[in-house]
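Protein chains: 2
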Amino acid sequence: MSASEVSRKAVVLLSGGLDSATTLAMARAEGFDCHTLAFDYGQRHRGELAAAAAVAEQLGAAEHRVMRLDLGAIGGSALTDPEIEVPDEPGRGIPVTYVPARNTIFLSLALGWAEVLGAWDIFIGANAVDYSGYPDCRPEYIGAFERMANQALKVTVEGEGHLRIRTPLMELSKAAIIAAGHDLGVDYARTTSCYDPDEDGRACGVCDSCRLRAAGFAEAGVPDPTPYRG
Amino acid sequence: MSASEVSRKAVVLLSGGLDSATTLAMARAEGFDCHTLAFDYGQRHRGELAAAAAVAEQLGAAEHRVMRLDLGAIGGSALTDPEIEVPDEPGRGIPVTYVPARNTIFLSLALGWAEVLGAWDIFIGANAVDYSGYPDCRPEYIGAFERMANQALKVTVEGEGHLRIRTPLMELSKAAIIAAGHDLGVDYARTTSCYDPDEDGRACGVCDSCRLRAAGFAEAGVPDPTPYRG
Numbered sequence: 000m001s002a003s004e005v006s007r008k009a010v011v012l013l014s015g016g017l018d019s020a021t022t023l024a025m026a027r028a029e030g031f032d033c034h035t036l037a038f039d040y041g042q043r044h045r046g047e048l049a050a051a052a053a054v055a056e057q058l059g060a061a062e063h064r065v066m067r068l069d070l071g072a073i074g075g076s077a078l079t080d081p082e083i084e085v086p087d088e089p090g091r092g093i094p095v096t097y098v099p100a101r102n103t104i105f106l107s108l109a110l111g112w113a114e115v116l117g118a119w120d121i122f123i124g125a126n127a128v129d130y131s132g133y134p135d136c137r138p139e140y141i142g143a144f145e146r147m148a149n150q151a152l153k154v155t156v157e158g159e160g161h162l163r164i165r166t167p168l169m170e171l172s173k174a175a176i177i178a179a180g181h182d183l184g185v186d187y188a189r190t191t192s193c194y195d196p197d198e199d200g201r202a203c204g205v206c207d208s209c210r211l212r213a214a215g216f217a218e219a220g221v222p223d224p225t226p227y228r229g
Numbered sequence: 000m001s002a003s004e005v006s007r008k009a010v011v012l013l014s015g016g017l018d019s020a021t022t023l024a025m026a027r028a029e030g031f032d033c034h035t036l037a038f039d040y041g042q043r044h045r046g047e048l049a050a051a052a053a054v055a056e057q058l059g060a061a062e063h064r065v066m067r068l069d070l071g072a073i074g075g076s077a078l079t080d081p082e083i084e085v086p087d088e089p090g091r092g093i094p095v096t097y098v099p100a101r102n103t104i105f106l107s108l109a110l111g112w113a114e115v116l117g118a119w120d121i122f123i124g125a126n127a128v129d130y131s132g133y134p135d136c137r138p139e140y141i142g143a144f145e146r147m148a149n150q151a152l153k154v155t156v157e158g159e160g161h162l163r164i165r166t167p168l169m170e171l172s173k174a175a176i177i178a179a180g181h182d183l184g185v186d187y188a189r190t191t192s193c194y195d196p197d198e199d200g201r202a203c204g205v206c207d208s209c210r211l212r213a214a215g216f217a218e219a220g221v222p223d224p225t226p227y228r229g
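So the protein sequences, as listed, match chains A and B. 0 is the number of the first residue of the first sequence in numbering that gives the first Met the number 0; add one for each residue after it. 0 is the number of the first residue of the second sequence in numbering that gives the first Met the number 0; add one for each residue after it.
If you are wondering where the hints come from, they were derived from the structure by calculation, not from laboratory data. Note that the Cβ used here is the ideal one computed from N, Cα and C, for glycine as well. Possibly wrong hints are sitting among the right ones.
[To be verified] Stretches of chain A that chain B covers, calculated by requiring three or more beta carbons in the stretch to come under 8 angstroms of a beta carbon on chain B:
1. 50–56
2. 111–117
3. 151–160
[Said to hold, decoys possible] Quick partial rundown of chain A residues pointing at chain B, CB under 8 angstroms, derived from the structure:
4. 40
5. 61
6. 64
7. 66
8. 67
9. 69
10. 100
11. 103
12. 104
13. 107
14. 140
15. 169
16. 171
17. 189
18. 221
[To be verified] Derived DMTMM-like pairs: lysine to aspartate or glutamate, alpha-carbon spacing no greater than 25 angstroms straight-line:
19. B:153 x A:69
20. A:153 x B:39
21. B:153 x A:195
22. B:8 x A:69
23. B:8 x B:32
24. A:8 x A:195
25. A:153 x B:139
26. B:153 x A:29
27. A:153 x B:170
28. A:153 x B:32
29. A:153 x B:195
30. A:8 x A:120
31. A:8 x A:29
32. B:8 x B:120
33. B:153 x A:32
34. A:8 x B:32
35. B:153 x A:145
36. A:153 x B:69
37. B:153 x A:157
38. A:153 x A:32
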C-alpha cells in the first residue's frame, strides 16, 4: 500500500435508517472522517432525510450532503411510484418496494464524490441476511461493483490506490447490528425504518421493515426507542 | 438465449453530441425501439439538452427522457464547476473537463430504466480512440460494468437473461464514426460537441472537442455542418 493510499476520509451512504446509522458508527470507530451522503429521490416518507441529517450530526460526520435525484423518472417501485401500493404482509421473493438499480445508482454517486474528496473507502449498510431478496445487497454484487469502480477512476487506473466498498453489516443479523450500534452509542430513536409512517413520523409497526426492526431489538435485548402510532 | 431474453427495446444514452447520435443511429439500424436518456446535470452549455431532443426526434427514438441530476453537489469538473476554467489548448493525460464517475453514474441510471422497461441492451457512445484519457471509456471498464450490472438486477440474478452494455463506437476513429453516421442518415447539424459554445450555440472551433470533430469531418470527406462563430 503506497503512502498516497492512506486517507482518513470515507464516504458513507446514509438513508436515515437503522442499518446505515450503524454503518456510520462503525466507520467513525475505525477513525474515518465521514462524509455522509443522502438522496432526495422522491421517496414517499420525507422523514428519512431529516433522520439522516440527525444521525449524521449525532455521530459526528465531518459533512452531510443531500443530493436530489429524479428516480421517479424511471419509476418501478412502491417507494417512488404512487400507483403501486405498499403491501402490509411480508411476501416472498423480491419485494415491491425494490427500487431498480438503487444501490448501483447510490454507490456510483458516492464513487464520484469519493474521487473528488480523495477518499478510498465507501461505506454502505448492505446486508445479505434480512434482505436477501435484494440482489444488490449480496457480496457477489458488492465485489463486482468494487472491481468496476477500480476500472472507472483515473486515480485507480493510474495506480495511485485501490477503492474499497465497505459493507460491515453484510453478514450480521438485525439483532447483531442493533447490539453493535448500541455499544457504539447510536441513538436509534433518531433513525426511521418504516415503509409507511404517519405524518408525525411514527412507525406503522406492521410493514416488513417494522417487523424486522422490532424483532431485532427484542432479540438483542435492547429497549426499542421507535415511536409507533396508536 | 431464452425467448424471454429477446427484447426489441434498448436504452440509449444521448448527450446531444456527435458520438451518441451515431450510436443511436446504429441501435436503430439493428432494429431496436430506442428509449433515449439525457441528463440535466448542471452542464454549462444548455444547448446540449436541446440537441439531444432534436437528435432523438430526427432518428426516430421511441421515447426521449431528460433526468435532472445534481452532479454539481460533488463538484470536480470544469463542465459543472464554474470555478474551473475550460482550457483552450489540448492537454496531455486526463482533461480538466473530466466529470468524476460520469459514465458510471449515467450507466447506472440507464440500468435502472432498462430494468423497468424490460430492455437487455444499453447503448453508450464510449470511444477508446480519441478520448483515451477517460478511464470510463475503455473496454476494460465497460466489461467490468456489464459484469456488475448482471449481479445487480433481479432479472439477471434470477437467470431470465443477460444485460449487455453496447459500445459500437469503441474502436472507431472520429472519421470512421462520422462516415458511418453519415451513411445512416444522421443530421450532424443537430449535434453539438463544443465545450464552450456562444449564446447561439455556435462552436468555438478551438477546444479539444471542436478540433477532433473538425478533423474527423475532414478525414471522412463529409461536409462539416457545424455552425462556428465569427
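Q.
Could you work out which of the previously given hints the structure breaks and list their numbers from low to high?
A. Violated: hints 1, 4, 5, 15, 16, 17, 18, 24, 26, 28, 33, 34, 37.
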